[in-house]
Amino acid sequence: MDILDYDFMQRALLASLMVGLVAPAVGVFLVQRRLSLLGDGLGHVALTGVAVGVLTSTSPVWTALVAAVLGAVLIELVRARGRTSGDVALAVLFYGGIAGGVVLLSLAPRGQATNLDSYLFGAITTTSAQDVAVFAGISVVVLASVALLGQRLYAVSDDEEYARAVGLPVLGLNVVLAALVASTVVLSMRVVGLLLISALMIIPSAIAQLLARSFRQTVGLACVIGLVVSVSGTTTSFYAGTPSGGTIVLLAIGLFLLVSASVAVRDRTARRRHRRKVDVHDAHPHEHGDDCGHPPVPHGDHVDYDHDGHRHAPHRTGEGVHYDEHGAGPVGAPPSRRTG
Amino acid sequence: MKDSPPTGSPAIELHSATIGYGDVAIVRDVEVTVAAGEAVAVLGSNGSGKTTLARGLLGLAGVLDGQVRVLGAPVGGLRDPGRVGYVPQRHTISGAVPATVREVVAVGRLARLGLFRRLGRIDRSAVTEAVAAVGLEDRLDDPVASLSGGQQRRVLVARALAAEPELLIMDEPTAGVDAANQEALAAVLTRISAAGTTLVVVTHETAPLAGVLRRAVVVDHGRVAYDGPLEQAAAHEEPGMHHHPPAPRPSGYRQDQPRVTTGPRHDGDEER
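If you're matching them up, the sequences are chains A and B in order. Residue numbering for the first sequence follows my numbering, starting at 7 and increasing by one per position. Residue numbering for the second sequence follows my numbering, starting at 5 and increasing by one per position.
No lab work stands behind these hints, which were simulated from the structure alone.
Here are a few chain A residues that sit away from chain B, every Cβ distance over 10 Å (derived from the structure):
| id | residue |
| --- | --- |
| 1 | Tyr12 |
| 2 | Met15 |
| 3 | Gln16 |
| 4 | Leu20 |
| 5 | Arg87 |
| 6 | Val108 |
| 7 | Val109 |
| 8 | Ser134 |
| 9 | Tyr245 |
If we take Cβ atoms under 7 Å as the criterion, some of the chain B residues that face chain A in the derived model are:
| id | residue |
| --- | --- |
| 10 | Tyr90 |
| 11 | Val101 |
| 12 | Pro102 |
| 13 | Pro147 |
A virtual CB, placed ideally from N, CA and C, is assigned to each residue, including glycine.
Pulled out of the complex, with its shape left as it was, chain A reads as follows (with noise of 0.2 Å):
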């Protein structure tokens, strides 16, 4: 393949490839959290630290971790001091942060390179071989520290309540997920950009969750879409010379209004052949219960009613409670299981 011809296209490549892993496997957790934007809001402070990098002429990288990370532990300090306050100390974070790096970036003396658009959206001649190295690294720790502390950033991320009643070490693990977001955002400067990021952290987990029914199988597919994505976007970026970050997410985009509507046909054949294999009272006139005056009859693993003969098992779905026929009148064995 021509493509892999180019050095520069095989460190965009590797960069591509691990932020398309890591991304995901830390962006389950926010989107379990309802904190779907801190990637976004940690983007926007790691670009104070680009500026800062670039000002200095040290690698952007470095300062980049540096100002997300301290920006990180911020966050989570004035979320766990209170509410009210804590909204309006989010947006005076995350804006002070583009402002500081929008202006910090003009005072670079002439000749520097501090092409704005690549480190906000991506672009693929911009990986070094230093970059893929420091990459590799945070990668290699993001993904260990997920590994190791998987279940508890999940029970803080699930009910955060209940984890500081049982004395689970809450703001230390908020502190912790909040780091590695930082850290991953930072992976993401080259290829995704800083304001792009949030999406590869978010979407992939939104079509995984379309799909999976456990949180350790969400992690998982949510990685593995986030890897095809993110690599066949920066591809598809060298052929149509198109910004490798817009190019990634709109491909996930796209990827997930495929998946949802795939997944709403389905489920609307499912609830279709369903009417068509058992007779459904759609419009039963009362919920069966306990005082409903039709006995109740065991039926496998659930309880059938006896209404005037017929067995009418309930059956909840999303919008409520309809009545499936499970054959005519009380029976003494119930027949073997069966799905309604």
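Assemble the complex: chain A is given as a structure, and chain B must be docked to it using the hints.
What follows is chain B alone, placed relative to chain A:
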């Protein structure tokens, strides 16, 4: 298995304790001591402060004045994780990301393992046993979102049971749970109470758990109005509190809760 506290050392001590949020006091001057192994109902009408009292024991509401000690340590200080179990007053598990019953209940067990230890074989079987104890073992690997409201309540109970805590604090564990499963819950609580677990149950209906709970603390307008045997508590409660159906449904009661038993009963497999 469980480190039993030294004999006679109380599980809970409240000395002229005032509990609230921010600087707003909700319950005042509480003077209650619960010995290890007791089973106590916290009763009171809506807004009486009974939930705040329980949350104060968990460090979820602030101790504004006085002393609150739980399992020998002041609330809010460092505590061995996993010794206190908690069933929140929540009717559903509403995580954005799918999770199975097993995964949610495993979180309960996780609390006692510290920061890095993974669930071992004993922990995993404790998780399955806790799920079986609430009658949901055939739903272990189903997403919790596919369960009814009452079943999700039972998952939250299983999560607390999985830790095998020394002190179990439950907020309305029977609300929205059908009669058969209320009985099953009473059986589980009877068993762990007999094994020495201290129980604190915040509730508006004592009937389902009357066989387990011996003592009642009645909270009224932010003060303890009665503390004594459960049977005599009724006289000290406000009119309008009912112990028998048909009671007015508590706020937040979900209409879509099951009125039929959806899982097999578990009267037989109570041993652990």
